[in-house]
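**Q** Model the full structure from these sequences, guided by the hints.
Protein chains in written order, with the working numbering: chain A, 10 to 275; chain D, -17 to 184.
Just so you know, the hints here were simulated from the structure itself, not pulled from any lab data.
Check each hint, because a few of them may be wrong.
Pair by pair, the computed Cβ-Cβ distance ranges are [stated by the list, open to error]:
no.	chain 1	residue 1	chain 2	residue 2	range
1	D	16	A	97	20 to 28 Å
2	A	190	D	110	14 to 22 Å
3	D	42	A	194	20 to 28 Å
Straight-line C-alpha distance at most 20 Å; calculated EDC-like pairs for lysine to aspartate or glutamate [said to hold, decoys possible]:
no.	chain 1	residue 1	chain 2	residue 2
4	A	101	D	9
5	D	19	A	235
6	D	164	D	130
7	D	19	A	244
8	A	86	A	52
9	D	21	A	244
These figures come from a predicted structure and were not determined experimentally.
A virtual CB, placed ideally from N, CA and C, is assigned to each residue, including glycine.
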Amino acid sequence: MKKRLLSAVAAALALAATGAWADANQDSLDEYREMLADGNPSELWEMSGEELWTTARGPKNASLEKCDLGMGPGVVKGAYAQMPRYFKDTGKVQDLESRLMTCMDALQGIAPDNFIKGKWGQDEMEKMEQIVAYVVGQSNGAKVKVNMSHPEMKRMYQLGEEAFFYRAGPMDFSCATCHGDDGKRIRMQGLPNLTKHEGAAAGWTTWPAYRVSNGQFWTMQHRLNDCYRQQRFPEPIYGSEVTQALSVYMAAKANGAKMATPGIKR
Amino acid sequence: MKTKMMWIAPLALAAGVAFAGDGDYADFKQMMDHSFKSKGIAEKHRLYQLDFQKECSGTEMPGKERMAQIEAAQLATVKYPSDGKYMGDWQAGEKVAISGKGLTWKDKADAVNGGGCYNCHELSHTEIAHGTIGPSLKDYGKLRGNSEDVLKYTWAKIYNAKAFNACSLMPRNGDSGLLTEKQIQDVMAFLLDPESPVNKKP
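**A** Structure, rendered in structure tokens:
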């Protein structure tokens, strides 16, 4: 029942996305955003993800209930709001998706290549997206609290900042080309200034998100991947160090803001 | 890509470019090298920076003299229209301005690219879905006329924006191979033709 209602909402939103969009002025944009806030089809992904968390799967036939997202084995509530973080067992700074790859590999025997070589929305990657939706939903309303005291976190922040301003490719773009100034937009799409707390908070706390225009749920890895596509860069590898570094850069700047995850986007 | 390519380390330091966190370049270079892979036409060599790309990657821009050097070198890349015609068809130019397609890993090498002008600029009197990263170009021709100087400058700016501001956010549309000569002629007409909606209210 709930599923059917949500897909009706999704269909209406998709219509609004194509119809109302083209000739919208700022007022109707705000209305449109309010309308979006009424229902978030991400719930479908969250429900599937919650089930996957407790389902025994993979070659080792185990669930993810012993997965440690940083607050102890099995603790999901509030965990995403404190990520990325440094994990002693892997000796690495990890974002949620990198950490989930570690858990799936160790606990379930589901190899990281399923994701690194996978396709968005398909097979194991689809399940990853559902689990991500569930985990980030469990931090909705929590304050971003990324602990920057570990030297590895500081190192990653610096690497993230360098990557953010790194111009290359045929268009000479960097992340900062679009996200380095206040009050800019591409077409009608507002661009948060990710170099400041306010903008980083707006971005970081509303991804991962359901995207109305294509009816997909996008994780933060997917969001960053598409940023680099539009920058005309080669493809960032799923879970790669640059994606961890950029996530640390954004999350640290967003510290103190309230999570509104999963988000909903045009 | 005629300009010299190189990795980040030595020159950037010599030029005093302020990368954030007075960086460990080996660390950074290794991270970038390990983090990306070729996909479609977006091959990994795109990570390698042109000299000016590197110098414009800091939070601070190069000094005045260095900017002027870069600009002169970039101006030298500009190829003016081979048939001497600066202006094409404004209607075709409008299509180029609207399309933001091209050069991503989803695009084919022989695809028709767009200029993506509306992503960043206001252009016609009627299109309100325009970006604000670049300045408004509404009434571009009406305000400037179409003297030889205006034609030459506008062509060069579209062809290689770095010729006038070394660290401009605008792509080098001609130099990078994004747009063809014919497409630039059409965009020129869209900007300068008195009948174009850029210069004429409906």
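**Q** Now tell me if each hint is right for this structure.
**A** Here is what the structure says about each hint:
no.	hint	verdict
1	16/D x 97/A: 20 to 28 Å	holds, 22 Å
2	190/A x 110/D: 14 to 22 Å	holds, 21 Å
3	42/D x 194/A: 20 to 28 Å	holds, 26 Å
4	101/A x 9/D	holds, 15 Å
5	19/D x 235/A	holds, 14 Å
6	164/D x 130/D	holds, 19 Å
7	19/D x 244/A	holds, 5 Å
8	86/A x 52/A	holds, 16 Å
9	21/D x 244/A	holds, 6 Å
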